[in-house]
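Protein chains: 4
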Amino acid sequence: MGSFQIRTDLALEARENIEENEGEIHGVRYEEKYDEKKDVKVTRVVIDTKNGAKAMGKPMGTYVTMEAPGMLEPDEDYHREISVCLAEQLKELIPHMDAEQSILVVGLGNRDVTADALGPHVVDNLFITRHVVKEYGKAAYNASKMNLISSMEPGVMAKTGMETAEIIKGVVMQTAPDVLIVIDALAARSIRRLNRTIQITDTGIQPGSGVGNHRNALTKESLGIPVIAIGVPTVVDAATIVGDALERLAKECGDSGSNVRLGEYPKTFTELGNMYVTSKDIDAVIKRLGYTLSEGINIALEMS
Amino acid sequence: MGSFQIRTDLALEARENIEENEGEIHGVRYEEKYDEKKDVKVTRVVIDTKNGAKAMGKPMGTYVTMEAPGMLEPDEDYHREISVCLAEQLKELIPHMDAEQSILVVGLGNRDVTADALGPHVVDNLFITRHVVKEYGKAAYNASKMNLISSMEPGVMAKTGMETAEIIKGVVMQTAPDVLIVIDALAARSIRRLNRTIQITDTGIQPGSGVGNHRNALTKESLGIPVIAIGVPTVVDAATIVGDALERLAKECGDSGSNVRLGEYPKTFTELGNMYVTSKDIDAVIKRLGYTLSEGINIALEMS
Amino acid sequence: MGSFQIRTDLALEARENIEENEGEIHGVRYEEKYDEKKDVKVTRVVIDTKNGAKAMGKPMGTYVTMEAPGMLEPDEDYHREISVCLAEQLKELIPHMDAEQSILVVGLGNRDVTADALGPHVVDNLFITRHVVKEYGKAAYNASKMNLISSMEPGVMAKTGMETAEIIKGVVMQTAPDVLIVIDALAARSIRRLNRTIQITDTGIQPGSGVGNHRNALTKESLGIPVIAIGVPTVVDAATIVGDALERLAKECGDSGSNVRLGEYPKTFTELGNMYVTSKDIDAVIKRLGYTLSEGINIALEMS
Amino acid sequence: MGSFQIRTDLALEARENIEENEGEIHGVRYEEKYDEKKDVKVTRVVIDTKNGAKAMGKPMGTYVTMEAPGMLEPDEDYHREISVCLAEQLKELIPHMDAEQSILVVGLGNRDVTADALGPHVVDNLFITRHVVKEYGKAAYNASKMNLISSMEPGVMAKTGMETAEIIKGVVMQTAPDVLIVIDALAARSIRRLNRTIQITDTGIQPGSGVGNHRNALTKESLGIPVIAIGVPTVVDAATIVGDALERLAKECGDSGSNVRLGEYPKTFTELGNMYVTSKDIDAVIKRLGYTLSEGINIALEMS
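For the protein sequence lines, the chains are X, D, W and C, in the order given. Each step along the first sequence adds one to the number in my numbering, with nothing skipped, and position 48 is 48. Each step along the second sequence adds one to the number in my numbering, with nothing skipped, and position 205 is 205. Each step along the third sequence adds one to the number in my numbering, with nothing skipped, and position 76 is 76. Each step along the fourth sequence adds one to the number in my numbering, with nothing skipped, and position 220 is 220.
Be aware that a few hints might be false.
Remember, identical chains collapse to one label, so a pair may be satisfied in a single copy or spanning two.
[Claimed, not checked] Derived DSS-like pairs (lysine-lysine); straight-line CA-CA distance at most 27 Å:
(1) K33 with K91
(2) K91 with K145
(3) K287 with K41
(4) K287 with K138
(5) K50 with K38
(6) K54 with K38
(7) K134 with K287
(8) K134 with K54
(9) K37 with K50
(10) K220 with K287
(11) K37 with K220
(12) K138 with K50
(13) K220 with K134
(14) K134 with K33
(15) K287 with K37
(16) K33 with K138
(17) K91 with K38
(18) K91 with K220
(19) K220 with K145
(20) K91 with K138
(21) K91 with K41
Simulated from the structure, these hints should not be mistaken for laboratory data.
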């Protein structure tokens with residue numbers, strides 16, 4: 001009945017949406033695990049076939065989602081546990097983690113738009129080693145094994161005039177990292193998922209995704225190296241939130257005779273097209289998530 | 001039929017809402033002027049009586065609204081015209097503008113939440129004179145008449161632990177300005193008003209208003225000096241945007257038999273309570289508005 | 001022989017300077033303690049008499065200095081030890097620490113000048129409780145005893161047009177805290193003291209002190225409540241660094257016949273008057289010190 | 001007699017230093033022009049030969065210096081004149097300015113260290129066109145001729161782990177601009193040159209130059225396209241300022257018998273090695289220079 005497109009960057013929600021309407025999807029595996037002690041639910045959606053990819057509207061690959069209701073608590077012990085869990089998931093998804101690798105971490109997003117500033121805040125707090133190891137060797141860290149970790153913040157096209165994919169591709173070709181990790185703020189369908197969900201996928205970044213609606217893909221295909229994307233939904237697309245409520249209401253009216261023609265509201269949806277819904281404490285959220293995610297990445301990339 | 005509260009800080013919208021539902025309001029005067037050359041529409045809502053204040057849900061006083069569709073254009077000439085127009089309106093509302101006065105300009109809002117950062121961005125670009133005149137006299141500016149202009153950014157209670165009203169009252173009592181000008185980001189009902197409307201009022205700041213939902217009043221009554229508030233709506237409250245769409249749809253269904261009970265959606269509205277809708281280019285908007293408003297204030301306060 | 005004024009905000013250096021030239025000072029007590037495990041040296045200078053105050057050029061009171069060569073290391077364990085040590089010193093200097101008090105922490109300095117941004121960075125990371133306790137009570141923290149902690153960042157006179165002392169006095173009179181803690185970046189005489197020395201004193205802030213050369217005092221006398229000042233030297237005044245080197249050279253030449261007349265260089269010293277010397281990695285320094293000091297204050301003010 | 005190296009990024013000062021000590025330099029042409037109305041002095045140093053380059057310690061090419069004592073005045077009319085003058089100089093140095101070109105403007109420097117933040121502040125205010133023209137054509141600007149202008153801020157190696165030259169080279173190879181303009185904060189020898197001097201050169205960036213002591217060259221040789229560097233000195237290297245004063249004093253003592261052995265002060269110079277001298281109002285300076293330089297670049301690159 002919906003005459004508008006529900007927008008979500010979460011594979012979890014895409015699957016839920018299809019299941020609601022069409023039932024089980026072939027070519028898509030699903031498993032979930034709940035860590036009661038940490039109060040973290042980890043789900044794993046794996047799209048195995050082209051059919052599954054088509055149905056889901058997302059490419060083949062693995063999508064891990066961590067959901068932690070308490071993720072927003074300022075409790076430092078809890079945030080440390082989330083970081084540890086994130087590190088575990090990363091170590092499973094990033095290939096060759098037992099070998100020393102060169103890893104470039106890119107913080108996508110616009111630092112000046114709070115809800116889209118997650119990437120920049122994460123890279124602010126990463127442990128960067130590449131320049132020290134190249135100049136002084138691993139001995140500088142008293143380590144026998146070190147990853148060469150670098151980072152960057154490519155900004156947004158409205159300010160640079162360049163696609164972030166152009167900038168990142170140029171840097172990747174010049175510095176030849178083994179792996180690219182990309183951090184991005186996402187759009188979810190449900191406000192209940194905001195700020196407490198982390199999606200980690202080996203499918204990189206797809207066109208149209210992210211708060212900033214990325215124009216180009218950042219994938220193994222386009223860049224030649226594995227691209228691991230880490231995202232947290234911080235906004236719900238405004239048209240999605242209104243359309244969702246209208247659909248529920250339409251079902252109600254529909255029972256009494258299909259009076260609702262959502263097609264009558266194209267103007268509203270067009271106006272909402274450039275808007276998003278976010279929470280009022282988004283600055284505290286981004287600050288906290290910045291630490292949680294950077295710590296998870298730092299733990300994952302350190303080699304004992 | 002609406003079972004939710006439409007939220008708006010704009011007197012213009014409050015009046016429209018009542019007119020739609022109840023017709024003309026006693027005790028509220030209304031006049032509008034359109035400047036064709038500048039493409040600016042200036043409306044003046046004056047609440048004269050307690051009844052009018054009660055009906056409008058806003059205190060007695062004058063509310064001037066400037067609407068300029070082109071306000072968002074990066075065209076520097078146009079933005080200069082808006083500033084000039086704003087200065088004219090300010091000079092009418094601020095008492096005793098022909099005399100030299102001490103004027104404190106306060107930028108309300110949270111610098112770290114883009115949509116609420118209007119106040120801070122405006123005070124960043126003000127022409128501050130108080131310390132120079134107190135130390136070196138008006139001669140420092142080669143002027144025979146100067147206003148003593150000071151400014152501050154009190155932050156938000158979540159970060160300071162203090163009500164902004166406590167901070168401002170303390171500073172007003174200590175430095176004894178003649179007039180307080182307060183700048184704030186507002187919430188509108190309609191997304192069509194966002195970022196291109198300036199409201200200037202001599203009623204100060206009311207509890208519950210602003211993107212930050214101010215807890216205390218900043219008024220002549222509470223501070224002892226005239227308080228002129230300048231605001232631009234940058235967000236629509238999320239519950240308002242959904243409720244608005246639902247109401248329109250409900251009217252549709254209602255024609256066919258009141259099937260819609262908006263009371264069935266209390267959970268949705270509760271969840272939306274802490275969220276707002278804003279535009280994706282909010283950083284560019286705030287940057288531009290910061291210049292437009294500060295220039296208008298600078299022009300208004302300079303004495304030739 | 002020095003014909004210029006050595007500038008230092010550190011009581012420790014003021015005392016060294018006098019000792020070098022005049023020997024022991026009456027009315028000034030001195031004791032030092034070295035914690036070998038933590039590699040922190042804590043000295044205590046207590047000015048007991050007016051004569052001592054006159055000789056030192058600093059008011060009567062207690063000046064505790066923590067010197068930790070390793071303070072700049074990014075080692076998180078080490079920085080935690082410094083914070084714990086700082087908390088111990090604070091608990092000795094702040095009166096009535098066993099009782100629940102209302103404590104206002106002020107971050108002096110200019111956020112936009114990196115070497116002067118220490119105050120703002122510290123208050124960014126404080127645990128603020130006043131608004132929560134006033135609204136929900138201590139139960140909100142599951143605590144039987146809580147201090148009411150608030151903070152602010154008054155900015156600088158060049159931007160506000162007001163003396164920071166006016167702003168702070170106004171807020172103190174309005175919110176009536178029991179204690180004021182002030183954080184400030186300082187000027188030292190020797191670059192060897194920069195970034196690794198913390199001075200804590202119960203004498204508040206004196207006119208002329210700080211990177212920003214504060215114009216007014218913030219003391220128990222001026223504000224009516226105890227004022228504890230915490231400072232770290234981040235700059236050396238440029239005239240001081242040149243004059244210091246010239247003095248040493250002059251001593252050299254002086255042995256061969258007083259050829260050096262430093263009075264010949266007044267122009268240089270005047271030009272240098274508005275300049276300071278700071279280290280190139282000042283951003284990393286301020287970021288780290290921000291955490292170290294805020295953590296120390298948080299530990300000191302928590303009540304178990 | 002100087003046993004230390006005077007550090008300056010200004011060709012003007014390098015030439016003065018040599019002239020003082022050695023007289024005229026072969027292979028180096030010099031001409032100056034003074035615009036009395038604008039109070040701007042424009043000098044042109046052209047290094048024609050390898051010998052000249054060796055003597056000057058700077059590569060062959062053209063170095064234009066604009067000196068404007070009033071450059072710091074907040075007077076908006078004056079700053080506009082400096083921008084116009086800068087635009088004229090740029091149009092002479094940038095090749096093929098009559099043709100439509102793709103121009104990448106890079107803001108070097110560390111945004112978080114105020115004295116080194118000039119590059120980032122300039123690119124913040126540039127008129128960026130590349131993405132709009134590529135998507136909508138020149139018609140989007142109602143123009144028949146447009147330059148494709150893009151920009152970036154590569155950050156600093158301490159934060160990214162990568163040389164800025166690696167990042168820039170990667171982006172240049174990917175987006176293939178015709179010209180690179182680089183903005184950087186410089187080190188001068190004399191504090192009298194700070195903040196009021198603009199150097200524009202077609203020799204790009206040399207290793208060791210800039211407040212950040214760039215490690216790699218950004219030149220036509222290394223990047224394959226013309227590199228125009230625009231710089232303003234904002235700091236004096238601390239060892240240089242002390243050494244300079246000592247040299248003058250040593251000359252004084254020297255007249256009476258070479259008692260001064262600057263070699264005795266190696267420890268001081270080593271300690272000063274990581275430090276610089278800058279002015280206290282550096283934030284206002286960087287803000288103003290950011291506008292002046294960006295406006296000059298915008299004017300130079302617009303095509304009427």
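Hints, one by one, checked against the model:
| no. | hint | verdict |
| --- | --- | --- |
| 1 | K33 with K91 | within (17 Å within a copy, 47 Å between copies) |
| 2 | K91 with K145 | within (16 Å within a copy, 43 Å between copies) |
| 3 | K287 with K41 | within (23 Å within a copy, 34 Å between copies) |
| 4 | K287 with K138 | between (31 Å within a copy, 25 Å between copies) |
| 5 | K50 with K38 | neither (35 Å within a copy, 56 Å between copies) |
| 6 | K54 with K38 | neither (35 Å within a copy, 51 Å between copies) |
| 7 | K134 with K287 | between (31 Å within a copy, 25 Å between copies) |
| 8 | K134 with K54 | neither (44 Å within a copy, 31 Å between copies) |
| 9 | K37 with K50 | neither (37 Å within a copy, 58 Å between copies) |
| 10 | K220 with K287 | neither (30 Å within a copy, 36 Å between copies) |
| 11 | K37 with K220 | neither (36 Å within a copy, 50 Å between copies) |
| 12 | K138 with K50 | neither (44 Å within a copy, 41 Å between copies) |
| 13 | K220 with K134 | both (26 Å within a copy, 26 Å between copies) |
| 14 | K134 with K33 | neither (41 Å within a copy, 41 Å between copies) |
| 15 | K287 with K37 | within (25 Å within a copy, 34 Å between copies) |
| 16 | K33 with K138 | neither (38 Å within a copy, 37 Å between copies) |
| 17 | K91 with K38 | within (19 Å within a copy, 35 Å between copies) |
| 18 | K91 with K220 | within (18 Å within a copy, 42 Å between copies) |
| 19 | K220 with K145 | within (26 Å within a copy, 38 Å between copies) |
| 20 | K91 with K138 | within (21 Å within a copy, 42 Å between copies) |
| 21 | K91 with K41 | within (18 Å within a copy, 43 Å between copies) |
When each numbered hint is compared with the structure, violations occur for hints 5, 6, 8, 9, 10, 11, 12, 14, 16.
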